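Undergrad: All residue numbers for the sequence shown refer to the numbering used here, where the first residue is 1 and numbers rise by one.
Hint data in this document are derived by calculation from the structure and do not stem from the laboratory. Incorrect hints may appear among the rest.
Pair ranges (Cβ atoms, derived) [unchecked claim]:
| no. | residue 1 | residue 2 | range |
| --- | --- | --- | --- |
| 1 | Leu18 | Gly46 | 35 to 41 Å |
| 2 | Gly46 | Thr19 | 33 to 39 Å |
| 3 | Leu18 | Lys44 | 29 to 35 Å |
| 4 | Arg43 | Val8 | 14 to 20 Å |
| 5 | Gly46 | Phe17 | 32 to 38 Å |
| 6 | Leu42 | Thr19 | 16 to 22 Å |
| 7 | Leu27 | Gly4 | 26 to 32 Å |
| 8 | Ile2 | Leu28 | 17 to 23 Å |
| 9 | Met25 | Lys45 | 16 to 22 Å |
Keep in mind that this is a model prediction, so the values were computed, not measured. Here a beta-carbon is modelled for each residue, glycine too, at the ideal position from N, C-alpha and C.
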Amino acid sequence: MIIGLVIVAITLLIIGFLTPVGSVMTLLVSAILFVVALVLSLRKKGGQ
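Turn these sequences into a full structure, and let the hints guide you.
TA: In C-alpha cells:
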C-alpha cells in the first residue's frame, strides 16, 4: 500500500511538471501523498 502511494505521488509529480495548468494543485496533492506514505511507513516500523 505504501509503495502504491509513492508510485501515485511520483506519477502526479511528473504530470504536475509536464502540465503547466493546475500544476500547483498536482504538486500539493503529490506532496500530501508523500507525507502520508512516510507517516504510514514510520508507524509500521515503530509498531514492530
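Undergrad: Each hint needs a verdict: does it hold in this structure or not?
TA: Now the hints, each set against the structure:
no.	hint	result
1	Leu18 with Gly46: 35 to 41 Å	36 Å, holds
2	Gly46 with Thr19: 33 to 39 Å	37 Å, holds
3	Leu18 with Lys44: 29 to 35 Å	32 Å, holds
4	Arg43 with Val8: 14 to 20 Å	19 Å, holds
5	Gly46 with Phe17: 32 to 38 Å	33 Å, holds
6	Leu42 with Thr19: 16 to 22 Å	31 Å, violated
7	Leu27 with Gly4: 26 to 32 Å	19 Å, violated
8	Ile2 with Leu28: 17 to 23 Å	20 Å, holds
9	Met25 with Lys45: 16 to 22 Å	31 Å, violated
Of the numbered hints listed earlier, those contradicted by the structure are 6, 7 and 9.
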